[in-house]
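A.B. asks: Please put together the full structure from these sequences, using the hints given.
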Amino acid sequence: MAEFEFDAGETRLLCRFDGRMDGAASAQLQTEVEERLAPLLAAHPEKLSVTFDVEKVTFVSSAYLRICMSVAQRVGAGRFSVRGTNPALKKIFLVAGLDNAFQVG
Amino acid sequence: MIDVRKRADEVLERATLAAAVFHQLDQAETDRIVESVARAGFDARVRLAKMAREETGLGVWQDKVTKNVLATQMVYEDIRREKTVGILSDDPRSGITEIAQPLGPVFAVTPVTNPTSTVLYKVLICLKTRNPIIINPHRRSTRCCVETVRICYEAALAAGAPEDCIQILDESSRELTHAVMTHPQLALILATGGTGLVKEAYSSGTPAIGVGPGNVPVLIDRSADIPFAVSSILMSKTFDNGTVCASEQAVVLEKAIEAEVVAEFTRQGAYFLSARETALVEKVAILESSGTMHPDIVGQGVPEIARMAGIEVPEGTRLLLARLEGTGKGFPLSGEVLAPILAFYVRPDFESAFKLCIELNYLGGIGHTAVIHANDEARVLEFGHLMNAGRILVNTPSSQGAVGAFFNPLLASLTLGCGTGGKNITTENISAKHLINIQRISRRRPNEKWLAFPHARLLDEGSGWDVLIPEYHKNH
Numbered sequence: 001m002a003e004f005e006f007d008a009g010e011t012r013l014l015c016r017f018d019g020r021m022d023g024a025a026s027a028q029l030q031t032e033v034e035e036r037l038a039p040l041l042a043a044h045p046e047k048l049s050v051t052f053d054v055e056k057v058t059f060v061s062s063a064y065l066r067i068c069m070s071v072a073q074r075v076g077a078g079r080f081s082v083r084g085t086n087p088a089l090k091k092i093f094l095v096a097g098l099d100n101a102f103q104v105g
Numbered sequence: 001m002i003d004v005r006k007r008a009d010e011v012l013e014r015a016t017l018a019a020a021v022f023h024q025l026d027q028a029e030t031d032r033i034v035e036s037v038a039r040a041g042f043d044a045r046v047r048l049a050k051m052a053r054e055e056t057g058l059g060v061w062q063d064k065v066t067k068n069v070l071a072t073q074m075v076y077e078d079i080r081r082e083k084t085v086g087i088l089s090d091d092p093r094s095g096i097t098e099i100a101q102p103l104g105p106v107f108a109v110t111p112v113t114n115p116t117s118t119v120l121y122k123v124l125i126c127l128k129t130r131n132p133i134i135i136n137p138h139r140r141s142t143r144c145c146v147e148t149v150r151i152c153y154e155a156a157l158a159a160g161a162p163e164d165c166i167q168i169l170d171e172s173s174r175e176l177t178h179a180v181m182t183h184p185q186l187a188l189i190l191a192t193g194g195t196g197l198v199k200e201a202y203s204s205g206t207p208a209i210g211v212g213p214g215n216v217p218v219l220i221d222r223s224a225d226i227p228f229a230v231s232s233i234l235m236s237k238t239f240d241n242g243t244v245c246a247s248e249q250a251v252v253l254e255k256a257i258e259a260e261v262v263a264e265f266t267r268q269g270a271y272f273l274s275a276r277e278t279a280l281v282e283k284v285a286i287l288e289s290s291g292t293m294h295p296d297i298v299g300q301g302v303p304e305i306a307r308m309a310g311i312e313v314p315e316g317t318r319l320l321l322a323r324l325e326g327t328g329k330g331f332p333l334s335g336e337v338l339a340p341i342l343a344f345y346v347r348p349d350f351e352s353a354f355k356l357c358i359e360l361n362y363l364g365g366i367g368h369t370a371v372i373h374a375n376d377e378a379r380v381l382e383f384g385h386l387m388n389a390g391r392i393l394v395n396t397p398s399s400q401g402a403v404g405a406f407f408n409p410l411l412a413s414l415t416l417g418c419g420t421g422g423k424n425i426t427t428e429n430i431s432a433k434h435l436i437n438i439q440r441i442s443r444r445r446p447n448e449k450w451l452a453f454p455h456a457r458l459l460d461e462g463s464g465w466d467v468l469i470p471e472y473h474k475n476h
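Just so you know, the protein sequences line up as chains A and B, in that order.
1 is the number of the first residue of the first sequence in this note's numbering; add one for each residue after it.
1 is the number of the first residue of the second sequence in this note's numbering; add one for each residue after it.
Note that these hints are calculated values from the structure, not bench results.
Quantities reported herein were computed from a predicted structural model and do not represent experimental measurements.
Among these hints, one or two may not hold up.
Stated by the list, open to error - Straight line, CA to CA, 30 Å or less: simulated DSSO-like cross-link-like pairs of lysine-lysine:
#1 B:Lys433 - B:Lys283
#2 B:Lys449 - B:Lys474
#3 B:Lys355 - B:Lys329
#4 A:Lys91 - B:Lys6
#5 B:Lys355 - B:Lys283
#6 B:Lys83 - A:Lys91
#7 B:Lys199 - B:Lys255
#8 B:Lys433 - B:Lys83
#9 B:Lys433 - A:Lys91
#10 A:Lys90 - B:Lys6
#11 A:Lys90 - A:Lys56
#12 B:Lys283 - B:Lys199
#13 B:Lys329 - B:Lys283
#14 A:Lys47 - A:Lys90
#15 A:Lys90 - B:Lys433
#16 A:Lys56 - A:Lys91
#17 A:Lys90 - B:Lys83
#18 B:Lys199 - B:Lys6
Claimed, not checked - If you only want the chain A side, here are some residues facing chain B, beta carbon under 8 Å, derived:
#19 Arg36
#20 Phe59
#21 Val60
#22 Ser61
#23 Ala63
#24 Leu65
#25 Arg66
#26 Thr85
#27 Pro87
#28 Ile92
#29 Val95
#30 Gly97
#31 Ala101
From the three backbone atoms N, C-alpha and C, an ideal C-beta is built for every residue, glycine too.
C.D. replies: What follows is the structure in structure tokens.
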């Protein structure tokens, strides 16, 4: 069971996730992130920063990792980060080579 | 024209994400995926065999069914209980705990001779070890390999495998193959194919497990059960029209049993070519320019070969035998031919027959497979000691014996290691156990002898082995 929580400011978007981010959850998440990201990005294309908090995440799918890559690409270098990884999850992001694309904390 | 670098990047990016996701699966989750794919592949064995035969024009579909069974059921039987995730062993005495880790994306080159079976087998051993796989099919077997991958991938996803855990390059080219082989995100190449391709894999800078070419001699000793030996050789060399690289290439025997062996081969459906017919078959079987087998002859049955060569053979002939006197240049059929054509040699005695087997073994088949039919254990051992072959098969059909499962407990496999003689890292049949990195947690267990040893004495140039080693082993 996956849960999402969003906290949006004028130039920042914090997304908190809980549970398994499998393929089905990621498909739903894709829509929800897009709904929140698109207007903020349109309003502040150069300033918006996005953070994914994965502290309570127990599993990530390829689709979830692709969402991370896509959001990082859209908001621009240095303005997307993932935080709250446990050691196992940190390794997943490193094996995927995503630490080169955004900050993984 | 596709941008090969871009395509390679896309494929490896997907595979790398799949590799990351794979790290999260435990043994039970992994095993569920493997079982699901083995079942799906097994259930599709007949359709895939027919597709492979139709697309490639090689072999016999019924035998390709057997190959698909080997690649699914038999491989599964071998690996199903194997631990490939997490702790493999834990020894409190030595303080060493072994942990399995996946390798990462694997690039699997597959041959035209065993297309669907090689895909099924490689997919299973990669999934069992949590490695994403990218299939590079031979261009003459793309359709059947794409279908095999589709079946495996759907079954894998249904059982919880990561997206893109199986991919196929259905538009493969030499350039794309090279781009993938040399890609920095690729972990391993599993190369089953021709010598050139295997060499390219080894030259890529990426770790590779390859195979060597075969030129399998079979020695019939006078202690053998001759009808049984002949029956085994026929069963093997006609299997899938001789497309297995481990199939026999030359029969060698001593003069004393010639009459009986010839009569038995003839009785069981083999045909001895005359000198004129041998020359005609050589022309269609071997490329004059390189001395290697002609691609058009591979996997063809006796009627097709006879038609190509312009010779007539008795109806129902299953195998062609060519009497040869020597090996190498001047004797084209002494090399590897993946078709139901066998060289036939008679030598005055056992010793000269044995020496000829060694000569054939070193003529393009080092490290692969050799066969002896004998009931004299001393001769079996002598043969085993002197042949350079990863598999020395005894009283066994080579095609079905070398691949394991059916006639012996060798690992079920469609990639047969040929050791350093064949430019490979192992002589084993390749399976899941070769596709994991084993990490060792090594806890402090001091070497008491080393701690008690007066280390300062090592600095004394005047003290040598005779003085210091007894000191090291001294019981204090």
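A.B. asks: Taking the hints in turn, state whether each one holds.
C.D. replies: Each hint tested on the structure:
1. About 43 Å separates the Cα atoms of lysine 433 of chain B and lysine 283 of chain B, which puts this hinted pair outside 30 Å; it is violated.
2. Taking the CA atoms of lysine 449 of chain B and lysine 474 of chain B, the gap is about 8 Å. The hint holds against a cut of 30 Å.
3. At roughly 18 Å between alpha-carbon atoms, lysine 355 of chain B and lysine 329 of chain B fall within 30 Å of each other, so this suggested pair holds.
4. A hinted pair counts as satisfied when its Cα atoms are at most 30 Å apart, and lysine 91 of chain A with lysine 6 of chain B qualifies at roughly 26 Å.
5. The suggested pairing of lysine 355 of chain B with lysine 283 of chain B holds, with an alpha-carbon distance near 28 Å, which does not exceed 30 Å.
6. Between lysine 83 of chain B and lysine 91 of chain A the alpha-carbon distance is near 22 Å, which keeps this suggested pair within the 30 Å criterion.
7. Proposed proximity of lysine 199 of chain B and lysine 255 of chain B is contradicted: the alpha carbons are some 40 Å apart, above 30 Å.
8. Of the supplied pair hints, the one linking lysine 433 of chain B and lysine 83 of chain B holds, its CA atoms being roughly 9 Å apart against a limit of 30 Å.
9. For the given pair, lysine 433 of chain B sits about 23 Å from lysine 91 of chain A by alpha-carbon distance, which is consistent with the 30 Å threshold.
10. Distance hint between lysine 90 of chain A and lysine 6 of chain B is fulfilled; the C-alpha atoms sit about 28 Å from each other, no more than 30 Å.
11. Annotation: proposed proximity of lysine 90 of chain A to lysine 56 of chain A holds, straight-line Cα distance about 13 Å (limit 30 Å).
12. Only pairs whose Cα atoms come within 30 Å are accepted, and lysine 283 of chain B paired with lysine 199 of chain B is accepted, the gap being roughly 28 Å.
13. Between lysine 329 of chain B and lysine 283 of chain B the CA atoms are separated by roughly 14 Å; this keeps the pair inside 30 Å, and the hint holds.
14. With a C-alpha separation of about 27 Å, the suggested pairing of lysine 47 of chain A with lysine 90 of chain A holds against the 30 Å cut-off.
15. The hinted pair formed by lysine 90 of chain A and lysine 433 of chain B meets the criterion: a straight-line CA distance of about 27 Å does not exceed 30 Å.
16. Taking the CA atoms of lysine 56 of chain A and lysine 91 of chain A, the gap is near 16 Å; set against the 30 Å cutoff, the hint holds.
17. The hinted pair formed by lysine 90 of chain A and lysine 83 of chain B meets the criterion: a straight-line CA distance of about 25 Å does not exceed 30 Å.
18. Using a Cα cut-off of 30 Å, the hinted pair lysine 199 of chain B and lysine 6 of chain B holds, with the two alpha carbons roughly 24 Å apart.
19. The restraint placing arginine 36 of chain A at the interface with chain B is violated, with a minimum CB-CB distance near 24 Å, outside the 8 Å limit.
20. Checking phenylalanine 59 of chain A against chain B: minimum C-beta separation of about 6 Å stays under 8 Å; hint holds.
21. Below 8 Å, beta-carbon pairs count as interface contacts, and valine 60 of chain A has one with chain B at about 7 Å; its hint therefore holds.
22. Because the smallest distance between the Cβ of serine 61 of chain A and any Cβ of chain B comes to about 6 Å, under 8 Å, the interface hint for this residue holds.
23. With its C-beta approaching chain B no nearer than about 6 Å, alanine 63 of chain A sits inside the 8 Å limit, and its interface hint holds.
24. This hint holds: leucine 65 of chain A has a C-beta 5 Å from the nearest C-beta of chain B, less than the 8 Å allowed.
25. Checking arginine 66 of chain A against chain B by beta carbon gives a least distance of about 7 Å; that is within 8 Å, so the hint holds.
26. Contact between threonine 85 of chain A and chain B, as hinted, is not supported at the beta carbon level, the nearest pair being about 12 Å apart and thus beyond 8 Å.
27. A least Cβ separation of about 12 Å between proline 87 of chain A and chain B goes past the 8 Å threshold, and the interface hint is therefore violated.
28. With 8 Å as the threshold, the beta carbon of isoleucine 92 of chain A comes within range of chain B, its nearest partner Cβ sitting at about 5 Å, so the hint holds.
29. Below 8 Å, beta-carbon pairs count as interface contacts, and valine 95 of chain A has one with chain B at about 4 Å; its hint therefore holds.
30. The closest approach between the C-beta of glycine 97 of chain A and any C-beta of chain B is roughly 6 Å, which is under the 8 Å cut-off, so the hint is satisfied.
31. This hint is violated: alanine 101 of chain A has a C-beta 11 Å from the nearest C-beta of chain B, more than the 8 Å allowed.
Checked against the numbered hints above, the structure breaks hints 1, 7, 19, 26, 27, 31 and satisfies the rest.
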